[in-house]
Amino acid sequence: MDRDVTETMVGFARTVRAAGGAADPERVQAMLAALDHLDVLDPRDVYWAGRLTLCADPDDLARYDRCFAAYFTGATARARRGTPPVVVRRVPVAEPGGRGGGQEQQGLEAATASDVEVLRDRDVARLGAAERAEVARLIALLDAGAERRRSRRFAPTPTGRLDPARTVRETLRRGGETSLLRHRSHRTRPRRVVLIVDVSGSMSPYADALLRFAHAAARSGGRDVEVFSAGTRLTRLTRELRHRDPDAAMAAASAAIPDWSGGTRLGEELKEFLDRFGQRGLARGAVVVIASDGWERGDAGLLGAQMARLHRLAHRVVWANPHKARPGYEPLTAGMAAALPHVDDFTSGHSLAALEELARLVAGAGEGRAHA
Amino acid sequence: MTVDQVGSPAELAGLLDRHGYLCDEGLATACFLALRMGRPLFLEGEAGVGKTELAKTLARGLGAPLIRLQCYEGLDASQALYDWDFPRQLLHLRAAEAAGVSDVSRLEGELYDRRFLLARPLLQALETSPSVLLVDELDRADDEFEAFLLEVLSDFTITVPELGTIRAERPPVVVVTSNRTREVHDALKRRCLYHWLEHPSFDREVAIIRRRLPDAAERLAGQVARAAQRMRETDLLKPPGVAESLDWTEALVALGVRDLDPGTAAVTLGAVLKYREDQQRVLGGGGAAGLEALLDGG
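These protein sequence lines map, in sequence, to chains A and B. With numbering that gives the first Met the number 0, the residue at position 326 of the first sequence is 325, and numbering never jumps. With numbering that gives the first Met the number 0, the residue at position 189 of the second sequence is 188, and numbering never jumps.
Among the hints, a few may not be true.
Chain B is nowhere near these chain A residues, computed Cβ spacing over 12 Å in every case [as the list claims (entries may be wrong)]: (1) ALA139; (2) LEU141; (3) ARG160; (4) THR166; (5) GLY221; (6) ARG222.
Chain B stretches covered by chain A per the calculated footprint, using a threshold of three residues with CB under 8 Å from any CB of chain A [claimed, not checked]: (7) 34-43; (8) 187-198.
In case anyone wonders, no lab produced these hints; they're calculated from the structure. Glycine is no exception: its CB is placed at the ideal position from the N, C-alpha and C atoms.
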């Protein structure tokens, strides 16, 4: 292939990668290999060679089209790069009792064992920067694995159902004498967990902590955890939260969310979630956690209908509303009232202790206490 | 036509066309590259857009057998790759015993002969050349299986410890489909060409119906396609795919309908909409009034 063509195409791949596409070197190689079989001078062929190799998701396609237009036709289609809102970053915590002065240090020194207890019950919306960082660190340590379900796969066990294959193999090994029966049982594996975190304005004091909780869950549950943010738009954050490091994951997530601190149209978002992902299987048999205050700007009737639909698909629906912890809270908002009949567990999720409780609920402890 | 004889995406589109599958430029290019580059084709799209049908037609067009691996949770290597036929092995052992065979080591060797190996879809696909391998609904399998599949699809060899390595003479044409209920691992997608299949345009859908159901009148095909397109714009739980349009047309043809009117549509609606809520929404409050709007302009 012509050197110029390669350069041009690699430059294009770089554009796609800069816009957030999956254009890693292996995919770029594949794109060049694909062009070998097509007509390099035909824009349509170039378009398809790139699209078939550099995209991996339907969400990638619109971005790819924008990049293609920008790179090859010179149209200015700058990727929207708004300033993501400030996400609390972890400040390096000094060793308790370590040397060095400064006020920050003083504040952090306080975070010793007994103070963690105090911190546990504090509302995350009312924390200072240092305390917030400490809570973030503790959230990252949460084990938020899901309750288990029976898998179709088998594992060898001492008792249980007879395992014909292994028994016969054993028999063959002994020259045909059936002497030892082997058994197997169904394995268990965690249920899928789907977390939908409301990032609208009224939830902004809690969104960071809840997303960090989602990250802890994603880390505990591996590939069986899906995270979405809701506000005015539904955003799938599963890929972003796959970073091991909580701060890197949060930075990626906050860059991906286009509608921080906007309004709430939870009913519509939930509908979109169910249409695009849930009904096909993502919500089927899963533990679904919705973290929202239920301040629905849209149609509460729609929210109720979608919650009913979700409840039919999911194994269990948990709703975490940070305002629930406020003294005298009553679920009187139209959205909350419409949603509650279709919720299995209703909890708060406003403090570290509440998030620990949420983790327990995800793990299947304390079922069906929605209306307690 | 064999894999090597396909010279361009357009030629491949022509080949699929002759076997009853109408595809657009993107899908034709994707299939063409999959054949040429020996890479699996990873197809995603709404249910009923024709992902599985494409694999079937590709097999027919290339004159190769279609080997289908339907994925489900808990699928493991012995169900996808190969398994030893234990009952036959035992029988062989007993027969040898009865005949008084004394050469034990030879007997042992015989037990792991190729004839006692049951080839499951993946091994079948490697051994049958050429072939089209359809790995259907990969998202339903668990990630253990995905990792295992990645290995097989990377080098198209399978090692049976007792027999040695089995290598495909020429790699099968692989079509992987997914319904996106779960994110498939990036490492696997990277091995594949990725294509998102859209619902067809109106004209293409009419052409598809006419092609697949020659008994359907042009007018009827147009009415069904228009209604299906409008249903996709309506807010439904499960908008109809091409598969449903075809089902509906087939039902209408079977009833001897030549012209789709609201009354006929109402009684056959179950062929195209599979949710009660969807049927109610399309019918609207006033029975067939909603259908009239759907069919109008045909």
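We went through each hint and held it up to the structure:
1. ALA139: Check passes; 22 Å lies beyond 12 Å.
2. LEU141: holds (23 Å)
3. ARG160: holds (14 Å)
4. THR166: Non-interface label fails for THR166(A): nearest chain B Cβ at 9 Å, not farther than 12 Å.
5. GLY221: violated (8 Å)
6. ARG222: Nearest chain B Cβ is 5 Å from ARG222(A), so the label is violated.
7. 34-43: Held - the segment 34-43 of chain B has 4 residues with a Cβ nearer than 8 Å to chain A, which meets the minimum of three.
8. 187-198: holds (count 6)
In summary, the numbered hints that this structure violates are 4, 5, 6.
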